[in-house]
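These protein sequences, in sequence, are chains X and H.
By the working numbering, the letter at position 94 of the first sequence is numbered 94, and the numbering carries on one by one without gaps.
Counting from 1 along the second sequence, just add 1000 to a position and that's the residue number in the working numbering.
Heads up, a few of these hints could be off.
Result set (DMTMM-like, lysine to aspartate or glutamate): computed pairs, CA atoms no more than 20 Å apart in a straight line [unchecked claim]:
1) X:K86 <-> X:D119
2) X:K79 <-> H:D1012
3) H:K1004 <-> X:D9
4) X:K15 <-> X:D29
5) H:K1086 <-> X:D29
6) X:K82 <-> H:D1009
7) X:K82 <-> X:E95
8) H:K1086 <-> H:D1119
9) H:K1015 <-> H:D1038
10) H:K1082 <-> X:E132
11) H:K1082 <-> X:D99
12) X:K82 <-> H:D1022
13) X:K79 <-> H:D1106
14) H:K1079 <-> X:D106
15) X:K21 <-> H:D1106
16) H:K1005 <-> H:D1029
17) X:K21 <-> X:E132
18) X:K79 <-> H:D1099
19) H:K1004 <-> H:D1038
20) X:K21 <-> X:D9
21) X:K5 <-> H:D1012
22) H:K1079 <-> H:E1095
23) X:K82 <-> H:D1012
24) X:K86 <-> X:D22
The hints are simulated quantities; they were obtained by calculation from the structure and are not laboratory data.
Number of protein chains: 2
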Amino acid sequence: MDLKKFIRDIPDFPKPGIIFKDLTPLLKDRDAFATAIDHLARHYQGTRLTAIAGIESRGFIIGSALALTLRTGFLPLRKPGKLPYKTIRQEYSLEYGTDAIEIHQDAIAPGDRILLVDDLLATGGTARAGAELIRRLGGELAGIAFLIELAFLKGRERLAGEQVFSLLTF
Amino acid sequence: MDLKKFIRDIPDFPKPGIIFKDLTPLLKDRDAFATAIDHLARHYQGTRLTAIAGIESRGFIIGSALALTLRTGFLPLRKPGKLPYKTIRQEYSLEYGTDAIEIHQDAIAPGDRILLVDDLLATGGTARAGAELIRRLGGELAGIAFLIELAFLKGRERLAGEQVFSLLTF
């Protein structure tokens, strides 16, 4: 099954000059969706994992389905102010300015093995911040998984030293 | 398994006087998470469904895992401006002011049977708007499912006429 056929290019989104990779056609197709999650799950079969941490919002879609398949817990990493309990925050730089993500302080116990999941690897800034959050809570980062990687943005360089896996590379 | 034990009360979130139902302890526990999704899935076993529509953001977590379990597609309903392709929008009233959600115009074909999913039924405004979006695209609404229902907010009344199912009622 050629999963790349289900990824749609949207020119000039979210701003002029950017070609956005839209994964909603893949999610909408039950066979493509199940196949994508199955391929990701196979990659981590046999890996000891406590939980999957998904990055808001599209990382929730991939991460939750993967957590259920691998029979792990699921931890949401969210934009500032969205998580209701005590949190820690990690900032990261964007092209212009900074952004941040948060995790609940009790999401991870020391020694937990966490797989970080997002839909897309672009410059790697958000994933780098997610990895920091996991380690700051004493978690062991088992790897970082993406459905899509935009290789020309060299996000893997920013994630050097991590076990990065992406299903579809453009 | 008493799933209610995994729902945590957070006082004064997101604002003073509100007691927020935090489901992250349930998501974090792999058995509780799998049990919750399994219970939801059993309720719809045998129902003809084309796709599950999940409402951003926590509805993505429940909806995606449920879609994989029931082997349907998954459709994201998102805050305005987040979906990259052509959308339609539905506004709904809040205590003060209005908010809106959007769906891709090509998410649903006439005759598709859609299950709408969110984490929590409070006043029912968001779910009502989601139901409208599904019908405006020619979809048939098979039901609306929630992990948690806050019965004292009477959201079911706002969803009168719909097939509403919630797993945990407070």
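Each hint tested on the structure:
no.: 1; hint: X:K86 <-> X:D119; verdict: 26 Å, violated
no.: 2; hint: X:K79 <-> H:D1012; verdict: 19 Å, holds
no.: 3; hint: H:K1004 <-> X:D9; verdict: 43 Å, violated
no.: 4; hint: X:K15 <-> X:D29; verdict: 27 Å, violated
no.: 5; hint: H:K1086 <-> X:D29; verdict: 18 Å, holds
no.: 6; hint: X:K82 <-> H:D1009; verdict: 15 Å, holds
no.: 7; hint: X:K82 <-> X:E95; verdict: 23 Å, violated
no.: 8; hint: H:K1086 <-> H:D1119; verdict: 26 Å, violated
no.: 9; hint: H:K1015 <-> H:D1038; verdict: 33 Å, violated
no.: 10; hint: H:K1082 <-> X:E132; verdict: 26 Å, violated
no.: 11; hint: H:K1082 <-> X:D99; verdict: 17 Å, holds
no.: 12; hint: X:K82 <-> H:D1022; verdict: 11 Å, holds
no.: 13; hint: X:K79 <-> H:D1106; verdict: 28 Å, violated
no.: 14; hint: H:K1079 <-> X:D106; verdict: 28 Å, violated
no.: 15; hint: X:K21 <-> H:D1106; verdict: 16 Å, holds
no.: 16; hint: H:K1005 <-> H:D1029; verdict: 11 Å, holds
no.: 17; hint: X:K21 <-> X:E132; verdict: 26 Å, violated
no.: 18; hint: X:K79 <-> H:D1099; verdict: 19 Å, holds
no.: 19; hint: H:K1004 <-> H:D1038; verdict: 15 Å, holds
no.: 20; hint: X:K21 <-> X:D9; verdict: 5 Å, holds
no.: 21; hint: X:K5 <-> H:D1012; verdict: 46 Å, violated
no.: 22; hint: H:K1079 <-> H:E1095; verdict: 18 Å, holds
no.: 23; hint: X:K82 <-> H:D1012; verdict: 13 Å, holds
no.: 24; hint: X:K86 <-> X:D22; verdict: 33 Å, violated
Going down the numbered hints, you'll see the structure goes against 1, 3, 4, 7, 8, 9, 10, 13, 14, 17, 21 and 24, while the others check out.
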